[in-house]
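Visitor: Quick note, the sequences are listed as chains A and B, same order.
Using our numbering, you'd call the opening residue of the first sequence number 33 and step up by one each time.
Using our numbering, you'd call the opening residue of the second sequence number 1267 and step up by one each time.
Some hints could be false.
As the list claims (entries may be wrong) - Taking lysine-lysine pairs in the DSBU-like style, the calculated list, with each CA pair at most 30 Å apart, reads: (1) B:LYS1405 <-> B:LYS1339; (2) A:LYS65 <-> B:LYS1269; (3) B:LYS1322 <-> A:LYS111; (4) B:LYS1322 <-> B:LYS1296; (5) B:LYS1296 <-> A:LYS111; (6) B:LYS1339 <-> B:LYS1322; (7) B:LYS1405 <-> B:LYS1333; (8) B:LYS1339 <-> B:LYS1296; (9) B:LYS1333 <-> B:LYS1296.
To be verified - Simulated DEER-style distance windows between Cβ atoms: (10) A:ARG60 <-> B:LYS1269: 32 to 38 Å; (11) A:LEU278 <-> B:LYS1333: 37 to 43 Å; (12) A:HIS107 <-> B:ILE1343: 45 to 51 Å; (13) B:LYS1425 <-> A:HIS107: 44 to 50 Å; (14) A:ILE89 <-> B:GLU1408: 51 to 57 Å; (15) B:THR1328 <-> A:PHE282: 35 to 41 Å; (16) A:ILE289 <-> B:THR1338: 17 to 23 Å; (17) B:LEU1371 <-> A:ILE89: 46 to 52 Å; (18) A:GLU129 <-> B:ASP1365: 45 to 51 Å; (19) A:PHE226 <-> B:ASP1365: 33 to 39 Å.
For the record, the hints were derived by calculation from the structure and aren't laboratory data.
All C-beta atoms in this analysis are idealised placements derived from N, C-alpha and C, irrespective of residue type, glycine included.
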Amino acid sequence: MVNFFERLGSKTIGLLHASGQSGLFLLRILWQKPDFVRIWPVLSEQLYFVGVLSFLIVVVAGLFIGMVVGLQGYHTLQKFGAISQVGQLLALSITRELGPVLTALLFAGRAGSALTAEIGLMKATEQLASMDMMGVDPMRRIIYPRFWAGMIALPVLGLIFSMVAIYGGYWVTVQWLGVDPGSFWSNMQSAVDFRTDVLSGVIKSIVFAFLVIWVALYQGFECNPTAEGISQATTRTVVYGSLAVLGFDFLLTAMMIGGW
Amino acid sequence: MKKQYYQYVHISVGILMLLGLICFVFLAIKVSGMADFGQASHYSVSAEFSNIGGLKVRAPITVAGVKVGEVTKIELIPNTLNAQVTMSLYNDQPIPYEDASARILTEGLLGSNYISIVPGFDSSDPQHQFLREGDVITKTQEALVLENLIGQLVFNIKK
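With these hints in hand, go ahead and build the complete structure from the sequences.
Guide: Encoded structure:
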């Protein structure tokens, strides 16, 4: 019985400790003097690693998701004789939900885990400590450019995903299943609103980027500097990052539909 | 070698950013149909209906089936308990004012509601030939509610 309370207490303290530490970690990132000119070489290299290298998986995933939504939508709408509405279904579901959420999940798996492993290994091989010794702040040299690279790359990838997915759906429904292209686009355009659908998708992407990159950098920076610790931290990045994205997606959707 | 690598990195990042921008413009124009960027000039008129059915803000206003504006506000008038619908019409097509009427119609059997304006005649008053800012369309026809129609039909059959 005492054992149980001891475990509960230590878990609670551990949780509070981690949340406080991650909050302070975030503050230390945001506190950095914004100076994109000096970090630009590092930033563009990181943009290459998290953005350009994630490009292919995002495009392929977007293509297939658009195609499958188009196919499913076609077969369901056919029962009601409303196949001309398939463009609307496709564009709304992709710009509002699937685009931002799936890109963020892919990003957590592709780029977030890589960032955690990279920083964790830097810590395990004491590169971070030696940087500190040389008077180079690892927060500024390592963490800060990676944070902003993620914040820029994910919304851009989300936009690319949405466009590719809509063209994938277009290809299946219009070219293959024979929906009229005019009604496909015009129904889409009359249903999709720029501010409430496209822009809110971009806002979601930005929030998800913030969450995923925060989790990834924190897990890497605070991991146990052992092989096992790095593997655990990488797993945690993907799990916590994905769960945070899905949870916040519900919150953001509720806020946006409620018109806050 | 090192320089070539950095050049490659910078060029690919630049291409990615450009692609993102292109996708944003594509989503804005082709998907959300932001064609009415320049439709800045419009005027608003209002009309009173005894029942608006399922009419919503942003529903289209048409003349002869062509969209000429959209609903901007729907409110209840306190005394008469009628619905006052404010609509914003584009400036490019003047609509004759005298005797103009507005009807709430439905797109297809299950579609959404819209307002159709039937233009009036050329007026005798040269000052006020066309609808203008602040006008009230007095001749209106309420929305046809399907349930009411079915109710009447059933009632008549029973008789």
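Visitor: Determine for every hint whether it applies to the structure shown.
Guide: Evaluated hints:
For the given pair, LYS1405 (chain B) sits about 19 Å from LYS1339 (chain B) by alpha-carbon distance, which is consistent with the 30 Å threshold. Proposed proximity of LYS65 (chain A) and LYS1269 (chain B) is supported: the alpha carbons are some 29 Å apart, at most 30 Å. Proximity of LYS1322 (chain B) to LYS111 (chain A) is assessed by CA-CA distance (about 27 Å); at most 30 Å being required, the pair is judged to hold. With a CA separation close to 24 Å, the supplied pair LYS1322 (chain B) and LYS1296 (chain B) stays within the 30 Å bound.
Taken as a hint, the LYS1296 (chain B) and LYS111 (chain A) pair is honoured in the structure, with Cα atoms around 28 Å apart against an allowance of 30 Å. Proposed proximity of LYS1339 (chain B) and LYS1322 (chain B) is supported: the alpha carbons are some 9 Å apart, at most 30 Å. Restraint check: the Cα-Cα separation between LYS1405 (chain B) and LYS1333 (chain B) comes to about 20 Å, which is no more than 30 Å; the hinted pair holds. Among the hinted pairs, LYS1339 (chain B) with LYS1296 (chain B) is consistent with the structure: their alpha-carbon atoms are about 27 Å apart, no more than 30 Å.
Proximity of LYS1333 (chain B) to LYS1296 (chain B) is assessed by CA-CA distance (about 19 Å); at most 30 Å being required, the pair is judged to hold. Hint check: ARG60 (chain A) to LYS1269 (chain B), Cβ distance near 34 Å, so the stated range 32 to 38 Å holds. At about 39 Å, the CB distance of LEU278 (chain A) to LYS1333 (chain B) agrees with the hint of 37 to 43 Å. One distance hint, 45 to 51 Å for the beta-carbon pair HIS107 (chain A) and ILE1343 (chain B), holds here, with the actual separation near 47 Å.
For the pair LYS1425 (chain B) and HIS107 (chain A), the supplied restraint of 44 to 50 Å holds, since their beta-carbon distance comes to about 45 Å. Taking 51 to 57 Å as the suggested C-beta distance range, the pair ILE89 (chain A) and GLU1408 (chain B) conforms, at roughly 55 Å. The given range of 35 to 41 Å is respected by THR1328 (chain B) and PHE282 (chain A), whose C-beta atoms sit roughly 38 Å from each other. ILE289 (chain A) and THR1338 (chain B) have their C-beta atoms about 21 Å apart, which keeps the hinted 17 to 23 Å range intact.
Between LEU1371 (chain B) and ILE89 (chain A) the beta carbons are some 48 Å apart, a value that agrees with the proposed interval 46 to 52 Å. Taking 45 to 51 Å as the suggested C-beta distance range, the pair GLU129 (chain A) and ASP1365 (chain B) conforms, at roughly 48 Å. Distance hint check for PHE226 (chain A) and ASP1365 (chain B): the Cβ-Cβ separation is about 37 Å, which falls inside the suggested range of 33 to 39 Å.
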